[in-house]
Amino acid sequence: MQCQRCKEQTATIHLTEINNGQRQETHLCEECAEREGLAIKSQIPLNELLTTLLASQSSPKTEPVAKVAAEDEKSCSSCGMTMKEFHKGRLLGCANDYEELGESLDPIIEKNQGGNTIHKGKVPANAPEDSKKQIEILNLRRQLEDAIENEDYENAAQIRDRIEHLQ
Amino acid sequence: MKLENISKQISKWFDGSGPHSDIVISSRIRLARNIAGYEFLPRLKPDRQAEILEKLKTAILSVNLGEEVFFIDVAESSTLEQDLMVERHLISHRHARGQGPRGAVIAGVESFTAMINEEDHLRLQVFKNGLQLTECLQEINKIDDEIEKQVEYAFSPKYGYLTACPTNLGTGIRVSVMLHLPALKMTGQIEKFFNATGDTDLTVRGLFGEGTEAIGDFYQLSNQITLGVSEAQIVEEFNNDIVPKIIDYETLAREELLSSQKAVLDDKIQRAMGVLKSARLISSQEALFLLSNVRLGVNLGRITDIDISTVNELFMLTQPAHLQMNNQKILDPKQRDIVRAEIIRKRLSTK
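Residue numbers (the numbering used here), protein chains in the order written: chain H, 1 to 167; chain A, 168 to 518.
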């Protein structure tokens, strides 16, 4: 087959593109392909090929798997709940899971709660004083972010003062 | 107060009155709570579970809950009694068939129920007829405050009220309205509409029967997000935005039916009446379907010799566990179909 560009050399690179369901075939010689930016080194040294292959198999593939497995096995020191067990039963074992498995739980919480990760709303009257304050500060911080986003700087300054006062 | 006594009457939230009750049957708010220092249910040992039951029972019974307050040991109840409570929305199916020590406090002519040791240590619920979510929230908050004075809830500043399932985390609130939307269904607009609510973090379920299918044009609409939005915000969105919109849609569809398809509408309603008044065997599914049409007929003034509370009563009392409790014997499905048809026939022809 002749190269479609130079119409001289033999086409050795065959490209099939599918654009919007339309199939398009291009046949080029090595030289023209290089000019088109499709250059592919025709001969990759064997040692380079092997290193690439080995690298692609060992590190990027096995590491995340090992990491996920380790996260699944991590257990709560209070009740022994693991993420693996949680995935099965969809229920947690104790309040401490939120602390100790928090890192693995947060993405799940975020997904189920429309992207939210921080409580807003009722706080028990007998909740420890500092935790109530913490929530208030957290809420104010979010309000501050909103105010800045809306370029409401007067309100933002007031919120900032309230945060400083609480801290 | 005994279960046999309540099985002959309709729940207060289902009496057919209340704001917008032609479309909004009832409002419900539920709060999920757990006690600090105790494992959640999946990890709770039976003796600790019994401790929680005692602790919460004592705490809840000390609160002023209005009239007719009673405690039911769900673990010790018969299957029939458990099913009866499920049919009356007093407890969940999960609670009925759960494990270990568990119970329910029922009060205010079934307008308040507390499930102890369901998925969480405590699930408080307040029901009201019609659209009364703000009132539900006020009432349940007051009760929650009183209980909280006696027990310490599991709470974190970051995550709020801690629940066994992260889908309830934060406020632990589930706001629901039960809706009757026969005209939207008849005019073929319901799918379109509920597809739209699917994007707004709301879940839609049927009112009667198992599963997600809405039988008899009843739908239950609930919030899904419990974290990062306050209780008042969720209620406000339902009260001022979502539910009024649905009411408008349904009202419009009803007016449309009345003005342009009166014969079709009347035919449906009168056929339903005809079957209900004369059938000798009727399944619960068929009864729900036909009663739904009758309910629409009464609400639109096309049927004038029955009132809405009679129709609601039939919805409730013709459910399987109700039929058996009120007949004081176990009935197989075929026998239930006979008894059901009999009750409906009698009730509709005496008027």
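Worth double-checking, as some hints may not be accurate.
What the hints assert, rightly or not - Straight-line distance between alpha carbons at most 30 Å, and here's what the computed BS3-like set of lysine-lysine pairs gives:
no., chain 1, residue 1, chain 2, residue 2
1, A, Lys325, H, Lys88
2, A, Lys169, H, Lys111
3, A, Lys325, A, Lys309
4, H, Lys120, A, Lys352
5, A, Lys325, H, Lys111
6, H, Lys120, A, Lys224
What the hints contain is simulated information worked out from the structure, not anything from laboratory work.
Results for each hint:
Between A:Lys325 and H:Lys88 the CA atoms are separated by roughly 25 Å; this keeps the pair inside 30 Å, and the hint holds. Taking the CA atoms of A:Lys169 and H:Lys111, the gap is about 44 Å. The hint is violated against a cut of 30 Å. For the hint linking A:Lys325 to A:Lys309, the alpha-carbon distance of about 24 Å falls within 30 Å, and the restraint holds. In summary, the hint linking H:Lys120 to A:Lys352 is not supported, as the alpha carbons are separated by about 37 Å, beyond the 30 Å threshold.
As the CA atoms of A:Lys325 and H:Lys111 are separated by approximately 17 Å, the hinted pair is consistent with the 30 Å bound. Annotation: proposed proximity of H:Lys120 to A:Lys224 holds, straight-line Cα distance about 29 Å (limit 30 Å).
Figure legend: structure checked against the earlier numbered hints; hints not met, in rising order: 2 and 4.
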